[in-house]
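Student: The numbering used here applies: residue 1 is where the sequence shown begins, and numbers increase by one.
Be careful, since some hints might not be right.
[As the list claims (entries may be wrong)] DEER-style ranges, computed between Cβ atoms:
| no. | residue 1 | residue 2 | range |
| --- | --- | --- | --- |
| 1 | T253 | F51 | 35 to 41 Å |
| 2 | A108 | W65 | 25 to 31 Å |
| 3 | P46 | A176 | 31 to 37 Å |
Hints are computed from structural coordinates only; laboratory data are not their basis. Source: prediction; values computed, not measured. Every residue gets a Cβ at the ideal spot worked out from N, C-alpha and C, and that includes glycine.
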Amino acid sequence: MSEHSAVPSRAGALGSRWLGIGLATVISVVTLGLGLTGRLTLYISPESIWFACAAAVVTLAGAIWSCTLPLGAEGDHGHDHGHGDEAEDSWASPASPRRRLATAGAVAGGVVASGVVVAALVLPPASLSVELAMSRVGEQATLFAGADDVTLGVADTATFGVGEWASVFATATNTAAYDGKTVTLTGFVTPTDGDSVNLTRMVITHCVIDAQPATVPVTIDAGEFETGQWVEVEGTVKADADGSLHVDPTTVTAIDEPGDPYEY
């Protein structure tokens, strides 16, 4: 092998190793760091954390093992492709248009993937924005009750969050049964078409990709709090004459965004 061909071969081997085990290692380190600091719940549900961290540990073990392999060994298929096929030689030639196109695609994909992974490493984790919550309102029926189960009828509401109450408000047929129930709810303020506001919380089932906003109407002056302000509401559920429900607050306290901003 000539010195000219050895340089790109080594560069290609380094690039392949970075795009494979290199990126996987960085993501594993980020996953474990978020898991140890309790911030992994900004991306996935709590019951999935153990699986994600276990997968990260296995990936790191594989990365350590791969360092024992000679550089470029992952590209060695263990057999001779031969040089008799002119069509194959033409495609593999550095001057081949298809080879140049494939190389350009690999480089572009590698740059994008590297940028995403490095951004995950250096940027602080953040919760889903209020704008995203507002944009997703109305995409589907508001049916939440913890994770995947929808609670219908009268139930023990002592532990209900915004998600469960949003389900009740949307599906209850006997709304009078909930009249007078006391609530303590935490969420952020979003506007409505009227003079009141919605108390909103993002609810995720597995990860932030499936996050959906749950909202309950609260009789708060629309100008009292800015959109996106986190508040804790203590009050009572009231049934209107038309059968709809709303929360009549006794106290509304502005708070900072909680460490775990989602419901599950």
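Student: For each hint, tell me whether it holds in the structure or not.
Tutor: How the hints compare with the structure:
For the pair T253 and F51, the beta carbons lie near 36 Å from each other, so the given range of 35 to 41 Å is met. Distance hint check for A108 and W65: the Cβ-Cβ separation is about 30 Å, which falls inside the suggested range of 25 to 31 Å. Under the hint 31 to 37 Å, the C-beta atoms of P46 and A176, about 35 Å apart, fit the expected range.
The structure shown violates none of the earlier numbered hints.
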